[in-house]
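Top to bottom, those sequences are chains A and B. If you use the working numbering, the first sequence corresponds to residues 7 to 488, in order. If you use the working numbering, the second sequence corresponds to residues 173 to 281, in order.
Everything labelled a hint here was simulated from the structure, so no lab data went into it. Please note that a few of the clues may not be correct.
Heads up, simulated DSBU-like pairs for lysine-lysine below, C-alpha to C-alpha not over 30 angstroms straight-line [claimed, not checked]: (1) A/K239 - A/K166; (2) A/K238 - B/K182; (3) A/K238 - A/K431; (4) A/K168 - B/K182; (5) A/K27 - A/K239; (6) A/K166 - A/K238; (7) A/K463 - A/K27; (8) B/K253 - A/K238; (9) A/K27 - A/K238; (10) A/K239 - B/K253; (11) B/K182 - A/K239; (12) B/K253 - A/K166; (13) A/K418 - A/K431; (14) A/K168 - B/K253; (15) A/K463 - A/K418; (16) A/K238 - A/K418; (17) B/K253 - B/K182; (18) A/K239 - A/K168.
All of these numbers come straight from a predicted model, not from anything done at the bench.
Residues per chain, in single letters:
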Amino acid sequence: MNDKIRNSAMAADPRTLVDEKIVLAFLSASLAYVLIAMLAGLLYSLQFIDMYPFAGIEFWSPGRWRFVHTQGVAYGFIANAFLGALHWAVPRLTRHPVLDRRLSWFIFFAWQAILVATVVGVLFGEAQALEWGETPVWIDPVAQLGLILVAINFLTPILKTKGPMYVSLWYFIAAFIWTPLVYAMGNFLPEYVIGGSAAGAIGGLFIHDLVGLFVTPLGWGLMYYFVPIILKKPIWSHGLSLVGFWGLAFFYPLNGIHHFLYSPIPMFLQYGAIIATIAVELVVTTVIINFFGTIYGRGDALRSNLSIRWFYIGMVFYFTTCLQCAFQTTLTFQRIIHFTDWVVGHAHLVMFGVFGFWIMGLMLYLLPRVMHVDEWYRPRWNHWHFWLTGIGMLIMFFDLTSAGLVQGFLWKALAPWSDSITASKPFWLIRTISGTAIIIGQMLFIANVFMTWRLSKSGALQSTPTQHDPTHEDDAGAPALA
Amino acid sequence: MTPRIESRGKRITILVMAIGILIPGGYGFIEKLIQFVRTLNTETGAGFTIIPISNYFLIAAGMACMLAWAIANGMFHDIEKPKYTMLESEAELDALNHGVGDERNHSNG
Numbered sequence: 007m008n009d010k011i012r013n014s015a016m017a018a019d020p021r022t023l024v025d026e027k028i029v030l031a032f033l034s035a036s037l038a039y040v041l042i043a044m045l046a047g048l049l050y051s052l053q054f055i056d057m058y059p060f061a062g063i064e065f066w067s068p069g070r071w072r073f074v075h076t077q078g079v080a081y082g083f084i085a086n087a088f089l090g091a092l093h094w095a096v097p098r099l100t101r102h103p104v105l106d107r108r109l110s111w112f113i114f115f116a117w118q119a120i121l122v123a124t125v126v127g128v129l130f131g132e133a134q135a136l137e138w139g140e141t142p143v144w145i146d147p148v149a150q151l152g153l154i155l156v157a158i159n160f161l162t163p164i165l166k167t168k169g170p171m172y173v174s175l176w177y178f179i180a181a182f183i184w185t186p187l188v189y190a191m192g193n194f195l196p197e198y199v200i201g202g203s204a205a206g207a208i209g210g211l212f213i214h215d216l217v218g219l220f221v222t223p224l225g226w227g228l229m230y231y232f233v234p235i236i237l238k239k240p241i242w243s244h245g246l247s248l249v250g251f252w253g254l255a256f257f258y259p260l261n262g263i264h265h266f267l268y269s270p271i272p273m274f275l276q277y278g279a280i281i282a283t284i285a286v287e288l289v290v291t292t293v294i295i296n297f298f299g300t301i302y303g304r305g306d307a308l309r310s311n312l313s314i315r316w317f318y319i320g321m322v323f324y325f326t327t328c329l330q331c332a333f334q335t336t337l338t339f340q341r342i343i344h345f346t347d348w349v350v351g352h353a354h355l356v357m358f359g360v361f362g363f364w365i366m367g368l369m370l371y372l373l374p375r376v377m378h379v380d381e382w383y384r385p386r387w388n389h390w391h392f393w394l395t396g397i398g399m400l401i402m403f404f405d406l407t408s409a410g411l412v413q414g415f416l417w418k419a420l421a422p423w424s425d426s427i428t429a430s431k432p433f434w435l436i437r438t439i440s441g442t443a444i445i446i447g448q449m450l451f452i453a454n455v456f457m458t459w460r461l462s463k464s465g466a467l468q469s470t471p472t473q474h475d476p477t478h479e480d481d482a483g484a485p486a487l488a
Numbered sequence: 173m174t175p176r177i178e179s180r181g182k183r184i185t186i187l188v189m190a191i192g193i194l195i196p197g198g199y200g201f202i203e204k205l206i207q208f209v210r211t212l213n214t215e216t217g218a219g220f221t222i223i224p225i226s227n228y229f230l231i232a233a234g235m236a237c238m239l240a241w242a243i244a245n246g247m248f249h250d251i252e253k254p255k256y257t258m259l260e261s262e263a264e265l266d267a268l269n270h271g272v273g274d275e276r277n278h279s280n281g
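Could you put together the complete structure from these sequences and hints?
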């Protein structure tokens, strides 16, 4: 059978194109990790308000549980969700299945094993002394191999496509090339090759490249896919989207050292990182303009479609966090906010407020399709999930940003350290409360997904996935099929 | 979905934004990059400069090759076309999926 006939046969049968079970498996794992990571974060936050229940027990050391929080979000929640969404988007965009379904399942189980080993490793004190790279050293080569296999599995269908590629595929190609390189740079160079503050500079590059060259291209790529297909409207300008892509490709890689401003790293490197960051923020503007140009005239979708609402609230947060980034990387801002909770607020907004929100939106779209249901178990729970998470995130961001300013100005005024602790306590209490609201939201969503899945198995909710959009708000008031 | 010709106003807007954003961003960035490279000649800065610079050039060189390949293969020839073909392809897959679903429901029922 020649390629043309085989390709058209695959395109004609969607069952051979997308492995829906692997999409469901990755998305379910992502939901499990978001809960684990958030509970670890909640536990960690309790020590700030003098309520830590396991003080003095090494295994329950808050520092170790912080690693579970950060690693769980990056590699458990975000990576699993992106892998699930990619198993849907890449075959549909290319009209070719991934290289091998067995390889996809191998990657799935290997990735979960890596995550479990990471959690167990860091809890037993095996953490590597690298921010965002705390995975124990013996896991690094396995994770590196996993990332290469992911790239091979997805790049094969992408490289089979003919003619001008859609922007999402550009972003995916870049992410599949960048991510293994970034992981190798951040985990092997400082560990085995470079020492001292030069290793710190590499650590800075790694932290930010992980966000900018792994999470960002996959996030943007997925948004450029999901927003138009849900709105059933092409993006405002494909040309502008490519301007954003190539701008990111050339400006981003030097950003990371801005994490170590006012450090022993030479100032010319710090200045370079500041300039590169501001250049990227200008590029980001093209993306924001494009997405808001796309929804222009379809604003009703923000009210009527929950996925679109998650996506666009995430984009507002994205613009906020990027604008914040352009200012906060200047030395003027750093004088005040360095080492304060401002940075923690910023990190939460970008990792969860942006990418987490986009993931929730795409899960709302994908899960009913891969479970073949026409209705959620409790549609209203999805709205509670949205509002609890959205309001919780907003409060947490403003709370931590304010806390950072209070701390920064107190330190600048050379006030006693204990004064800044006393002043921070109310902010830390609000952080814990807002975090709890976010966790309750995730629990509701997970419960809804589980019950919907259970009913789908019994056939009670079974239907054709494309008959209507279950994220549509009009369905929220419809009687739930329980 | 029939591909539409983009309006002249939109094309001008995109061009102005592309130039207005990329030129200042690019100028600042390239100017700083040149400074980095110059630092390689200094005794104190060379050790610190070479690692981030070589990392950057490794990634940027790959991207530059990809850009050249894309231009040579006509990827930017009809730059707005992919956004229409993507939606058409999705609609076609949804229609096919619908058919599969109908078939499955029919056989279940």
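Verification of the hints:
1. A/K239 - A/K166: With Cα atoms ~26 angstroms apart, A/K239 and A/K166 stay inside 30 angstroms; holds.
2. A/K238 - B/K182: holds, 20 angstroms
3. A/K238 - A/K431: violated, 48 angstroms
4. A/K168 - B/K182: Holds: A/K168 and B/K182 sit about 27 angstroms apart, inside 30 angstroms.
5. A/K27 - A/K239: OK: A/K27 and A/K239 at ~28 angstroms, within 30 angstroms.
6. A/K166 - A/K238: This hinted pair holds, its Cα atoms lying about 26 angstroms apart.
7. A/K463 - A/K27: holds, 13 angstroms
8. B/K253 - A/K238: It holds: about 16 angstroms lies between the C-alpha atoms, which stays within 30 angstroms.
9. A/K27 - A/K238: holds, 26 angstroms
10. A/K239 - B/K253: holds, 13 angstroms
11. B/K182 - A/K239: OK: B/K182 and A/K239 at ~16 angstroms, within 30 angstroms.
12. B/K253 - A/K166: holds, 19 angstroms
13. A/K418 - A/K431: holds, 19 angstroms
14. A/K168 - B/K253: holds, 13 angstroms
15. A/K463 - A/K418: violated, 60 angstroms
16. A/K238 - A/K418: This hinted pair is violated, its Cα atoms lying about 52 angstroms apart.
17. B/K253 - B/K182: The hint holds at about 15 angstroms.
18. A/K239 - A/K168: holds, 23 angstroms
The structure shown violates the earlier hints numbered 3, 15, 16.
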